[in-house]
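Based on these hints, arrange chain B on the given structure of chain A.
There are 2 protein chains.
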Amino acid sequence: MTTPTGQVVLLGRLREIAGPAHVLTEQACAPYLTDWRKLVTGRALAVVRPATTEQVRDVVRACLEHGAPVVPQGGNTGQVAGATPDDTGRAVVVQMGRMKRIRSIDIENDTLVVEAGCVLQEVQEAAGAAGRLFPLSLGAEGSCLIGGNLATNAGGTQVLRYGNARELTLGLEVVTADGEIWNGLRALRKDNTGYDLRDLYIGSEGTLGIITAATLKLFPLPVAQRTALAAMGGVEQAVALLTRARSVLGADLTGFELMSSVATDLVLRHYPDQRVPLRAGAPWFVLLESSDSESAERAASRFEALLAAAFEAGEIQDAAIAESVAQSRAMWHLRESITLALAAEGKCAKHDISIATSRIPGFVTSTDALLQQRFAGVRSATFGHLGDGNLHYNILQPSGTPATTFVEVQNELSRLVHNAVRDHAGSISAEQGIGGLRTADLQRYEDPVKLDLLRRIKRALDPAGLMNPGKVLP
Amino acid sequence: MTTPTGQVVLLGRLREIAGPAHVLTEQACAPYLTDWRKLVTGRALAVVRPATTEQVRDVVRACLEHGAPVVPQGGNTGQVAGATPDDTGRAVVVQMGRMKRIRSIDIENDTLVVEAGCVLQEVQEAAGAAGRLFPLSLGAEGSCLIGGNLATNAGGTQVLRYGNARELTLGLEVVTADGEIWNGLRALRKDNTGYDLRDLYIGSEGTLGIITAATLKLFPLPVAQRTALAAMGGVEQAVALLTRARSVLGADLTGFELMSSVATDLVLRHYPDQRVPLRAGAPWFVLLESSDSESAERAASRFEALLAAAFEAGEIQDAAIAESVAQSRAMWHLRESITLALAAEGKCAKHDISIATSRIPGFVTSTDALLQQRFAGVRSATFGHLGDGNLHYNILQPSGTPATTFVEVQNELSRLVHNAVRDHAGSISAEQGIGGLRTADLQRYEDPVKLDLLRRIKRALDPAGLMNPGKVLP
Numbered sequence: 037m038t039t040p041t042g043q044v045v046l047l048g049r050l051r052e053i054a055g056p057a058h059v060l061t062e063q064a065c066a067p068y069l070t071d072w073r074k075l076v077t078g079r080a081l082a083v084v085r086p087a088t089t090e091q092v093r094d095v096v097r098a099c100l101e102h103g104a105p106v107v108p109q110g111g112n113t114g115q116v117a118g119a120t121p122d123d124t125g126r127a128v129v130v131q132m133g134r135m136k137r138i139r140s141i142d143i144e145n146d147t148l149v150v151e152a153g154c155v156l157q158e159v160q161e162a163a164g165a166a167g168r169l170f171p172l173s174l175g176a177e178g179s180c181l182i183g184g185n186l187a188t189n190a191g192g193t194q195v196l197r198y199g200n201a202r203e204l205t206l207g208l209e210v211v212t213a214d215g216e217i218w219n220g221l222r223a224l225r226k227d228n229t230g231y232d233l234r235d236l237y238i239g240s241e242g243t244l245g246i247i248t249a250a251t252l253k254l255f256p257l258p259v260a261q262r263t264a265l266a267a268m269g270g271v272e273q274a275v276a277l278l279t280r281a282r283s284v285l286g287a288d289l290t291g292f293e294l295m296s297s298v299a300t301d302l303v304l305r306h307y308p309d310q311r312v313p314l315r316a317g318a319p320w321f322v323l324l325e326s327s328d329s330e331s332a333e334r335a336a337s338r339f340e341a342l343l344a345a346a347f348e349a350g351e352i353q354d355a356a357i358a359e360s361v362a363q364s365r366a367m368w369h370l371r372e373s374i375t376l377a378l379a380a381e382g383k384c385a386k387h388d389i390s391i392a393t394s395r396i397p398g399f400v401t402s403t404d405a406l407l408q409q410r411f412a413g414v415r416s417a418t419f420g421h422l423g424d425g426n427l428h429y430n431i432l433q434p435s436g437t438p439a440t441t442f443v444e445v446q447n448e449l450s451r452l453v454h455n456a457v458r459d460h461a462g463s464i465s466a467e468q469g470i471g472g473l474r475t476a477d478l479q480r481y482e483d484p485v486k487l488d489l490l491r492r493i494k495r496a497l498d499p500a501g502l503m504n505p506g507k508v509l510p
Numbered sequence: 037m038t039t040p041t042g043q044v045v046l047l048g049r050l051r052e053i054a055g056p057a058h059v060l061t062e063q064a065c066a067p068y069l070t071d072w073r074k075l076v077t078g079r080a081l082a083v084v085r086p087a088t089t090e091q092v093r094d095v096v097r098a099c100l101e102h103g104a105p106v107v108p109q110g111g112n113t114g115q116v117a118g119a120t121p122d123d124t125g126r127a128v129v130v131q132m133g134r135m136k137r138i139r140s141i142d143i144e145n146d147t148l149v150v151e152a153g154c155v156l157q158e159v160q161e162a163a164g165a166a167g168r169l170f171p172l173s174l175g176a177e178g179s180c181l182i183g184g185n186l187a188t189n190a191g192g193t194q195v196l197r198y199g200n201a202r203e204l205t206l207g208l209e210v211v212t213a214d215g216e217i218w219n220g221l222r223a224l225r226k227d228n229t230g231y232d233l234r235d236l237y238i239g240s241e242g243t244l245g246i247i248t249a250a251t252l253k254l255f256p257l258p259v260a261q262r263t264a265l266a267a268m269g270g271v272e273q274a275v276a277l278l279t280r281a282r283s284v285l286g287a288d289l290t291g292f293e294l295m296s297s298v299a300t301d302l303v304l305r306h307y308p309d310q311r312v313p314l315r316a317g318a319p320w321f322v323l324l325e326s327s328d329s330e331s332a333e334r335a336a337s338r339f340e341a342l343l344a345a346a347f348e349a350g351e352i353q354d355a356a357i358a359e360s361v362a363q364s365r366a367m368w369h370l371r372e373s374i375t376l377a378l379a380a381e382g383k384c385a386k387h388d389i390s391i392a393t394s395r396i397p398g399f400v401t402s403t404d405a406l407l408q409q410r411f412a413g414v415r416s417a418t419f420g421h422l423g424d425g426n427l428h429y430n431i432l433q434p435s436g437t438p439a440t441t442f443v444e445v446q447n448e449l450s451r452l453v454h455n456a457v458r459d460h461a462g463s464i465s466a467e468q469g470i471g472g473l474r475t476a477d478l479q480r481y482e483d484p485v486k487l488d489l490l491r492r493i494k495r496a497l498d499p500a501g502l503m504n505p506g507k508v509l510p
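Chains as they are written, first to last, in this note's numbering: chain A, 37 to 510; chain B, 37 to 510.
Just chain A, with the same shape it has in the complex:
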């Protein structure tokens, strides 16, 4: 535990390490102390912004010496308050935004070495400038940092083709919880030299160390893409379309997003300039995207054949294929506006769940029914990455009722949803992680054997318990 004198000494040391301009205290810390969803506000001794791996190491060592908790932070765009310090004011937030070099790019090896503070979009652009694709893509890509994407094993919209952040990473550089630098930046596709440290740090949400750089995989840029919006009668039909699209398009299927009409109707209500380019009445929509390595003609003909066959088989009621980049963007914009439309509409209980796709129709039907029995009038604004089995199963307060009434039952409602997820062998955190918000859920829903293993790993790699304490494991 840091003493008041110790805190002064520590602040002085942090200023020596990073330079006085990069150690923020008091009011200057404020932008870094509230999570993106504005659910949690903490306090900190300081926010330090190191510029090099060695500075990160020295900051961690200084904090260890003074017993100060270390809270790593990227773009602060997480959904589960994983980068927000507690309210004791003892923590040092290590904000990674100054480590923003693209260190190298190797076209023949299809790899890129980036520092943790690069904005995801900058990484995408560096790949694009070299004629390559870095496929990780998500709503916050203009402000999230790649280090945070890796620390949380980010997902997004291209997972069904390219995998999560984990699958896109070959190597890491990490400052360990002991203040050592592990240089694991190998650009290798095969490396069986001991336990898989890389994947242990990826997704550990800053509780085992700080990722300072990474070697990422690059892919060929697609030659052509096609986007369509399809309407259907139920989730079962959407899953049938997914199976068909996988079989017809194989690795060229790069997007498959489900949207309930509850969700799209809310977008239309709150953003009247948007539209659904299909005749009204269908309860469910799928946004699908293909990427072709060959030609626009091939992309178009395969996509049209797929949709025609799905129509023939009764899987879809109607479909619109984007005829221009603008139309494709409008379709994606509809999908990406759902979160904001939900926020504009009222209180919402959010669930980031995944279930085997074959079990999703049953889950949605039975859970929607249970919710109506118990919480009559709530609205299931379900949407998400059906191609990965990942639903944002978000439940809105009933229309015309006070928000406070809903807030009172929100925990009970989420319990009902998560119990149903457990009964369907699913995950209560598909892509957003545990952070500070879901630690109780993790304890409740995970196997005690697994929890015990997680705790042992935490103790083994962070014996002082100072790396992002209270996150993931309570």
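Hints in this document: simulated from the structure, not taken from any laboratory.
Every clue listed holds true.
A pair counts as met if it fits within one copy or between any two copies, since identical chains are not told apart.
SDA-like cross-link-like pairs, simulated, lysine to any residue; straight-line CA separation at most 25 Å:
(1) Lys386 <-> Arg222
(2) Lys486 <-> Arg202
(3) Lys386 <-> Gly398
(4) Lys486 <-> Leu502
(5) Lys486 <-> Glu90
(6) Lys486 <-> Leu509
(7) Lys486 <-> Gly215
(8) Lys486 <-> Asp94
(9) Lys136 <-> Leu60
(10) Lys486 <-> Arg93
(11) Lys486 <-> Leu221
(12) Lys386 <-> Thr441
(13) Lys74 <-> His306
Note that this is a predicted model, so its numbers are computed, not measured.
Just chain B now, kept in the frame of chain A:
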């Protein structure tokens, strides 16, 4: 440490658990006590062959109680003696071959749940019977067990398209070193609920627990495949062809194997019925394969266009496209015969290395030259999975010299090769693991920070130190 009385009690307990017929002792153990390469022979108290996860758990608990080391074993086809007990005779070998159920298959979710004792080929066949592909493929597939493939994170010939065993696995069931069952058989493509235990057990070579079952990913069967053999003047041209093939074929490039003419000439000498269907004289060959999701016509025209462009660009001197399944098999047979031809030819120092593909030409040229300077006359019979940067950089004794002379310098020669690998930021064990044979190399070539982290993980998850002791970490 087990006492003699304790050993008798333990044997009795093992017979209760697995049935007397499935606890082998004395001479009956012999087939399980020598590694595949016949480099190491150990001893064991017993070889037990459990039939269920609960039996595996009970065996581990009994061994823990009596302080007996546990050595998990699959098909005993590993290259690094990772499943062979030491010579104290105290260990219990847990042979997984009786746990061979395909537990379930889910076509809509594209997943398969198998027990650890399924032969890899049986897993491939179960997938095929359901109209799906399980792409893990390697020389030993007719006898290796999927549990061993996962414990060693097996690679093989399809990695450049589908990844290693790690990337093909969604969930695991594991008996931990404490004798608990962790049921992590989720069939989910996104699951961020705590640290990545799955990938920690995958590749841990039985030193942290015993994998008893797994949920594996399935893929669409390709509609058509094309195979070709191309001849070229150097490794640089082979890398250029790889870059071109990746860019033209994208995800349809499913095989890219490099072979030196030293290696192919040995096959022709020892297996005179085989042939290289190209005009003689080229020092290097590439075997390449594409898999098309659409049609045989498309597969053929793209493949021909690729090879024509490579010829035009001077990357290849000659090429033969297989015109039948038989011709394609003959090309693969040539590649797969190299290991046996090397064994027939004489003593060989084997190195299973990986290096960023862009650096491989420089590595091969400079290391070949260093070897000739220091060990005049040795023959570099280099071949391997160039598409993954993985070379079997195998060095044969000079022609006409006694094997004993070569054996004397073999360690020094391997040191030279591995030093060169380190200087090229590569790995000294790309796909075969560390096992019992490469523990000293791991200590020599890996970062002390990494080694310290590995040891901590071992202590945390196997506090008694009884799981496959002496493997991976000494």
